[in-house]
Amino acid sequence: MKKINCARGPICRREGAMGMRLFLTLMLLPLAMAPSAFGQERFPDRAITMVAPFPPGGVADLTARPVAAAMERILKSPVVVVNKTGAAGAVGMSYVANSKPDGYTVLMALSSISIIPEADKLFDRKPAYTMDQLLPIALISADPTVFVVNAERPWKSVKEFVAEAKKRPGEISFSSSGVYGTLHMATEMLSHAAGIKLKHIPYGGAGPALTAILGGHVDTLASGPAVVIPHIKSGKLRPLAGWGTKRVAALADLPTFKELGYDIEFYIWAGVFAPRGTPQPALKKLRDTVRQAVNDPAFKSAMEKLQTPVAYMDAPEFQKFWDMDAKMLADAIKRMGKIEIKEAK
Amino acid sequence: MLETLQNLYLGFSVALSPVVLLYAFVGCIIGTLVGVLPGVGPLAGISLLLPVSFGLDATSAVVLLAGIYYGAMYGGSTTSILMRIPGEAASVMTCIDGYAMTRKGRGGPALAIAAVGSYIAGTASVVGLMFLAPPLARFALRFGPPEYFALLVLGLLVLAFMSGGSMRKSLSMAALGLLFGMIGIDPMTGFFRFHYGLVELGDGIGVVPVAVGLFGLSEILLTAGQEKPPEVIKPRLRELLPSRQEWRDSTWPIARGTLLGFLIGIIPGSAHIISSFVSYAVERRLSKHPERFGQGAVEGVAGPESANNSATSGAFVPMLALGVPSGPIPAVMLAAMMVHGISPGPLLIQQQPELFWGFIASMYVGNVVLLILNLPLVGLFVNVLRIPYALLYPAILVFCVLGVYAVNGSVVDVGIMSAMGALGYGLRKFDFETAPIVLGLVLAPMIEMSFRQSLSMSSGSYAIFFHRPISLVLLLVALGFILLSLRTLFTRVAEWRRKLGLEGEGEIKEPGKI
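As they're listed, the protein sequences go chains F and H. Numbers 2 to 346, taken from this note's numbering, label the letters of the first sequence in order. Numbers 2 to 515, taken from this note's numbering, label the letters of the second sequence in order.
One chain only, chain F, in its complex shape (with noise of 0.2 Å):
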């Protein structure tokens, strides 16, 4: 296949990896393309393919996209974002796990990275993948969720709301992306923490997930902030608190669980993987040019407007990071165990 490279605008406007997506862009070579560059080293000298496991428009993609335009403007050499979807991620993580450890394939992953597996233990089927199968390269981003609460409730503060939970438990409700989908997982961390019980009324996606509670069907929500700051801002949604270790910039008032005591962080990351077994050389080259990509102007605008945090880490400090994050899900996965669905009181 022919490669068609860019170096222009903050992120880059190609698709490439199939015979259509190639079809299209040479369609729209007038609005897109300019001269074309090829590697000279030895590492990369054809593309590099960076999955998306997650469709076009969602974090995942949104996040691989300014990272592999500055890494190609510091390779010289195209990088490819694809998006393999299906199955919460669990399609295209699989197939980067699975994939020849040249280099070549890397992987975009969010935070569901260390979900799918233990999920699969808990239903004891044959995983996907398994977590030993990836190597981390370097975390890109790392953006604390928040809790919000539909604005027509009464509840103020976090204290009000768990005063109000322990009255009637199973009776508040909350929205989520799906069954032991992120969303899931931040609130059941909460309920934990509080000694509460809520309602769980999962959604097909963050997207309706946030309908829902705007349209008062459901009555909280954990989500990433950048979403839920401009329903705030109108005064639809009412934040109560934050997940991370500091306050959300733009939510600057808004207090941190650990101020209020509860011990429990939750962040919605996402980070470059490749498959183990991966040569030194091409980590070393790998982990070297994502480094120098994050401090590109170009992708820090990018991830700006996107209005997500840039929490870069690289492999040693980020494989930490992964081991908490995936024990502290692991845990939360195995307190959930099996949902089972009762019978009408």
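Don't read these hints as lab results, they were simulated from the structure. A portion of the hints provided could be inaccurate.
Computed far set for chain F versus chain H, every beta-carbon distance over 12 Å [unchecked claim]:
1. Pro102
2. Thr257
3. Tyr263
4. Ala312
5. Lys328
6. Ala331
Some, not all, of what chain F presents toward chain H, calculated at C-beta under 8 Å [claimed, not checked]:
7. Pro56
8. Ile202
9. Leu307
10. Ile340
The beta-carbon is built from N, C-alpha and C at its ideal position, and this holds for glycine as well.
For chain F, the structure is supplied; the task is to place chain H on it using the hints.
Frame of chain F, contents of chain H only:
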């Protein structure tokens, strides 16, 4: 009112600026081309091209994507009409009568009616969007799981009115579709159902591979099985335009389809898919000659095509007015805005008037562009039919495989399409209609999700469906439909009695089909 007109003036000054106009054009052209590829519908098209829009400014990006969206919506009808290959779930109904018209040599008029219907529906619904967006959006948000469930029940009842054949056959096909819809991750517990070790089946069976298989592939197989190859249709220029009668027959279906599509479209979720199914059923129900449906009734093209186009604009209502990702496609559009640092939300209209009004105006422009683009193309597309079958059908087969593969890059999807092609071939040999399978497959996951969400909300009490006014009204309408269909049952009994009592009284009319 005056303010709206001033704003619209602002909008047009944005939309008619050469750059934005260019992107509207480019979007429509790309959209049409994408839509013509079998299996690649608006969602696939817009997702694949989202990254292209990152380098543009926000308004141009949104205009480009919207152009791709309605272009693809329209392009999908071309393959449905000429080759019986639905580009997406919404064009399944167009396949039936559109293709029947093509077989009768009326492919050109079918395409022209689809273009004009889409144009009218698109324009009228933008007017609706412009004047009614904020109040309508607030209303649409009141659709929670119970209301959604009630709406879908109504959609399911539509099945009964959908086909001209035997009721038993079409209901059994619908049941088959509902069963297919059970494959995938259980939305409430995370359990994998019927996946047979394939991770790809976690999200269930995609509608597009099923529709392309059941409709497109089965048609190719059936044709190959004929003793003599069908005659190649040579369209004449004179026959490209609809006749006076066809225009007259299409007027009301277009109007009804527009209204119906808009109303269903504004509801957050994926209900817009059912707008074309509902429109088809309504037209068939209202028609004085329901037996013409399935044999090339122009109403069966005009109604659903208008409905799915106005549902398109309807879906933008909650997105623009409230910043709510009201469906998969608006979600992609919102992502395009976020990339440009615009936070979509209730304040969008005030904070970004150029974007909002530019977008509205560009939709007017886009619809005109689409019409200008597509009417002349009718002549071109129809000429595809001149290609001998021995060459045309293998080529279509290749495009089907390519298109279905390209959407997710998944070989499993190609497998599903092939299996469905074989299934569709067998079923059609036995005179089963395949459209109810698609509708069942579309509805099953949505019904299941909303039903179980509702019961979670009420901690298991069914009363939730009757306590909420919107859902109660919808369920009552559904009940009304059932009673209405019972009436035909009674007339049938009366007919049967008369037949017994007055044997030999001359010809007995076929009892009214349900």
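(request) Tell me if Leu307 (chain F) is really an interface residue toward chain H, meaning its C-beta lies closer than 8 Å to one of theirs. (result) For Leu307 (chain F), the interface hint holds, since the closest Cβ of chain H sits about 6 Å away, which is under 8 Å.
(request) Check the non-interface label on Thr257 (chain F): least C-beta distance to chain H beyond 12 Å or not. (result) Thr257 (chain F) clear of chain H: closest Cβ-Cβ about 22 Å, beyond 12 Å.
(message) Does Ala312 (chain F) clear chain H by more than 12 Å, comparing its Cβ with all Cβ atoms of that chain?
(response) holds (19 Å)
(message) Tell me if the interface restraint on Ile202 (chain F) is satisfied: Cβ within less than 8 Å of some Cβ in chain H.
(response) holds (5 Å)
(request) May I ask you to check that Ala331 (chain F) keeps its beta-carbon over 12 Å from the closest beta-carbon of chain H? (result) Its Cβ never comes within 12 Å of chain H, the nearest being 15 Å, so this holds.
(request) Confirm or reject the statement that Tyr263 (chain F) sits farther than 12 Å, beta carbon to beta carbon, from all of chain H. (result) holds (25 Å)
(message) So Pro102 (chain F) supposedly isn't at the interface. Is its beta-carbon more than 12 Å from every beta-carbon in chain H?
(response) holds (20 Å)
(request) Have a go at the Ile340 (chain F) hint: is there a Cβ in chain H nearer than 8 Å to its own Cβ? (result) holds (5 Å)
(request) Measuring Cβ to Cβ, find out whether Lys328 (chain F) lies farther than 12 Å from everything in chain H. (result) holds (20 Å)
(message) Using the nearest Cβ pair, does Pro56 (chain F) come within less than 8 Å of chain H?
(response) holds (6 Å)
No hint from the list above goes unmet by this structure.
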